[in-house]
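Peer 1: Below are the chains, spelled out letter by letter.
There are 2 protein chains.
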Amino acid sequence: MEPILEELTEAESLRLIEQAEIGRIGFSGRYGPVVLPVNYKIVDGAVVFRTAVGSPLGEDLRTGIADAEYKVAFEIDEIDSASRTGWSVMIQGAAHHVDDEQEQAALRVVGIEPWAGGEREHFVRIKPTVVSGRRIRRG
Amino acid sequence: MEPILEELTEAESLRLIEQAEIGRIGFSGRYGPVVLPVNYKIVDGAVVFRTAVGSPLGEDLRTGIADAEYKVAFEIDEIDSASRTGWSVMIQGAAHHVDDEQEQAALRVVGIEPWAGGEREHFVRIKPTVVSGRRIRRG
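Heads up: the sequence lines are chains A and B, in that order. To convert, take the position in the first sequence, counting from 1, and add 6; that gives our numbering. To convert, take the position in the second sequence, counting from 1, and add 6; that gives our numbering.
Treat the hints loosely; a few may be bogus.
Put simply, identical chains are the same to the list, so a pair is met inside one copy or across any two.
Lysine to any residue pairs mimicking SDA-like chemistry, simulated, CA-CA at most 20 Å apart [said to hold, decoys possible]:
no. : residue 1 : residue 2
1   : Lys133    : Asp86
2   : Lys133    : Asp73
3   : Lys133    : Ser34
4   : Lys47     : Asp86
5   : Lys47     : Thr91
6   : Lys47     : Glu24
7   : Lys133    : Ser89
8   : Lys133    : Met7
9   : Lys133    : Glu12
10  : Lys47     : Glu13
11  : Lys133    : Ala100
12  : Lys133    : Leu11
13  : Lys133    : Tyr37
14  : Lys133    : Gly38
Honestly, the hints are just simulated from the structure, not real lab data.
I would like the entire structure built from these sequences, with the hints used as guidance.
Peer 2: Structure follows, in structure tokens:
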């Protein structure tokens, strides 16, 4: 069967990523582009995740985010190798620290547990400015 | 059980990505960082994939690659949500077009079929300069 590539609407894209758990953050690091997986949640329409203070991801992002307009990409997908079908969504937007302690406490309640454990007290929020998605199915 | 985060050696990382099929390319596009999934093969120690001439990925990458030192990141992972274990590998290096027709023919034989179909005649090769990997397991 022929593959059919179709664009997803923003609403479909947001619905799909609300149900997923792992995404990949992409940003410009000190030595060029960086892409790393993190577990995340969608909170009030924004992507939120935690990284360790002192980790390479944390340090590089921290340096970048010091610029309030620091742009990042966040990609989520679900792809089935056997059937070669699946979907992917990319969010582009500015990344910010969550500095407010009350807000951090609220996010902890949501349960953004970093799977890798350790002291991961650095919350990052990505407010989407562009949401794009695509799906490959078999026609 | 406590999560244990460990670094992978370059040899372990390369062995893992030889057996996977889908990776995410990250690069600086016209409007900021971009992360998109592609199916790939490892050929002579380099990541090789195809994109469509005329696609957004193709166009943005083409513009960037015009600079011979255009750096990209390529991330591959295998993560099990239920057990919260898995591994990820990131390759950083320069991306190049494969322009030579003989080389393109050789790559077609390797079977780098773009799952999304269509006219995808733009071969891209990433020669790793940095390979880093990590694994989360339960101790």
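Peer 1: Next, verify each hint and record whether it holds.
Peer 2: Here is how each hint holds up against the structure:
1. In this assembly of identical chains, the alpha carbons of Lys133 and Asp86 never lie at most 20 Å apart, being 29 Å within a copy and 27 Å across copies at closest.
2. Taking the shortest alpha-carbon separations for Lys133 and Asp73, only the intra-copy value of 15 Å comes in at or below 20 Å, while the best inter-copy value is 31 Å.
3. Proximity of Lys133 and Ser34 under a CA criterion of 20 Å is satisfied in both settings, with 17 Å inside one chain copy and 19 Å between copies.
4. For the homomeric pair Lys47 and Asp86, the shortest alpha-carbon distance between copies (17 Å) is at most 20 Å, but the shortest distance inside one copy (22 Å) is not.
5. When the C-alpha separation of Lys47 and Thr91 is checked against a cutoff of 20 Å, the pair qualifies only between copies, where the shortest distance is 18 Å, while the shortest distance within a copy is 24 Å.
6. For the homomeric pair Lys47 and Glu24, the shortest alpha-carbon distance inside one copy (7 Å) is at most 20 Å, but the shortest distance between copies (31 Å) is not.
7. For the homomeric pair Lys133 and Ser89, neither the shortest alpha-carbon distance inside one copy (33 Å) nor that between copies (29 Å) is at most 20 Å.
8. For the identical chains of this complex, Lys133 and Met7 are neighbours neither inside a copy (38 Å) nor across copies (34 Å), given an alpha-carbon limit of 20 Å.
9. When the C-alpha separation of Lys133 and Glu12 is checked against a cutoff of 20 Å, the pair qualifies neither within a copy, at 25 Å, nor between copies, at 31 Å.
10. Taking the shortest Cα distances, Lys47 and Glu13 never come within 20 Å of each other, neither inside one copy (23 Å) nor across copies (25 Å).
11. When the C-alpha separation of Lys133 and Ala100 is checked against a cutoff of 20 Å, the pair qualifies only within one copy, where the shortest distance is 6 Å, while the shortest distance between copies is 30 Å.
12. Taking identical chains as interchangeable, the C-alpha atoms of Lys133 and Leu11 are never at most 20 Å apart, the minima being 27 Å within one chain and 29 Å between chains.
13. Taking CA atoms no more than 20 Å apart as the test, Lys133 paired with Tyr37 passes between copies only; the shortest distance there is 15 Å, against 25 Å inside one copy.
14. Proximity of Lys133 to Gly38 under the C-alpha cut-off of 20 Å is restricted to the inter-copy arrangement: shortest distance 14 Å between copies versus 23 Å within a copy.
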